[in-house]
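A.B. asks: Sequence:
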Amino acid sequence: MNDLQMMQEKSVLRWGGLAGILGGILFIVVFAIVGFGPVGMEPVEPAEEVMRFPEIRTARIVENGLYLAVLVLWVIHFLALYRALRGTSLAPALFGSALGILGLVMLVAGALPHVATDPISDLYHAPGATAGDQATLDFLWQATMGILEMLLVTGLVILPTGLIALGVAMFGAPDFGKGFGGVSVALGLVGGVAACVVLVDPASPIFPVGVFALIVFHLVLGWKVYSLSKGKYVGSLEDRGKG
Numbered sequence: 111m112n113d114l115q116m117m118q119e120k121s122v123l124r125w126g127g128l129a130g131i132l133g134g135i136l137f138i139v140v141f142a143i144v145g146f147g148p149v150g151m152e153p154v155e156p157a158e159e160v161m162r163f164p165e166i167r168t169a170r171i172v173e174n175g176l177y178l179a180v181l182v183l184w185v186i187h188f189l190a191l192y193r194a195l196r197g198t199s200l201a202p203a204l205f206g207s208a209l210g211i212l213g214l215v216m217l218v219a220g221a222l223p224h225v226a227t228d229p230i231s232d233l234y235h236a237p238g239a240t241a242g243d244q245a246t247l248d249f250l251w252q253a254t255m256g257i258l259e260m261l262l263v264t265g266l267v268i269l270p271t272g273l274i275a276l277g278v279a280m281f282g283a284p285d286f287g288k289g290f291g292g293v294s295v296a297l298g299l300v301g302g303v304a305a306c307v308v309l310v311d312p313a314s315p316i317f318p319v320g321v322f323a324l325i326v327f328h329l330v331l332g333w334k335v336y337s338l339s340k341g342k343y344v345g346s347l348e349d350r351g352k353g
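Sequential numbering of the sequence shown, starting at 111, is according to this note's numbering.
I should point out that these hints are in silico values taken from the structure, not numbers from a laboratory. We put the CB at the ideal spot given by N, CA and C, even for glycine. All the given hints hold, so there is nothing to weed out.
Label pairs and their in silico Cβ distance ranges:
| no. | residue 1 | residue 2 | range |
| --- | --- | --- | --- |
| 1 | G256 | V307 | 11 to 21 Å |
| 2 | F322 | I171 | 19 to 29 Å |
| 3 | L258 | D113 | 44 to 54 Å |
| 4 | A296 | A201 | 18 to 28 Å |
| 5 | G289 | T254 | 41 to 51 Å |
| 6 | D311 | G238 | 38 to 48 Å |
| 7 | L176 | W333 | 19 to 29 Å |
| 8 | P164 | V307 | 25 to 35 Å |
| 9 | A169 | A201 | 38 to 48 Å |
| 10 | W333 | L233 | 42 to 52 Å |
| 11 | M116 | F146 | 42 to 52 Å |
| 12 | K288 | L258 | 30 to 40 Å |
| 13 | T240 | F141 | 31 to 41 Å |
| 14 | K340 | A239 | 58 to 68 Å |
Listed next, the in silico DSS-like pairs over lysine-lysine satisfying Cα-Cα at most 30 Å (straight line):
| no. | residue 1 | residue 2 |
| --- | --- | --- |
| 15 | K120 | K288 |
| 16 | K340 | K120 |
| 17 | K288 | K340 |
When you get a sec, could you build the whole thing from the sequences and use the hints?
C.D. replies: Put into structure tokens, the structure is as follows:
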């Protein structure tokens, strides 16, 4: 591997690792906004959600914007993981990264719910809105949120399989080994169990467990991928053999 190729390899790993770490930190910030801000984590009736939306609109926009940024950063991290693993474990690295990105795409599709609910809220709170109009808009709000929740659950069902496949790829990669591979598989299994429970019961309180498993995965593996960019050699074993 020549110097230019090595610099490019290090750049991919450096930015990919930092993206994973930053995404995990931002997701924690999102939880802080939801948990300690005006949005709140306590479930409320659908009618109450649309009634109080004007009061929390700004907080929702900030929350959703940060959430979208997290998902985009994690796409970059998955691509870096594929690059780091493809030389020793091509099939699981490819499948794991593809499934991870597919899961993130499903989450991205529902990352900005305020874009869909804002017009409903405006009509609901319009001066001339009757009780019948508000009841109809309340049902429309519920239907819209139901579609967005479907995208969320679908993404959370797909993502753990990607984590497990990447963990399997790490078993054959000396730079990661059984330690990081085992952590990835374990987090994938935890996220998978949580996703299955949510799939059966969307209102289950176990929902945050799968999300926290994703956060831990990207923080831990983000640090690992970033640390690889600091090493003397980077990239696949095949590339090292050419150097």
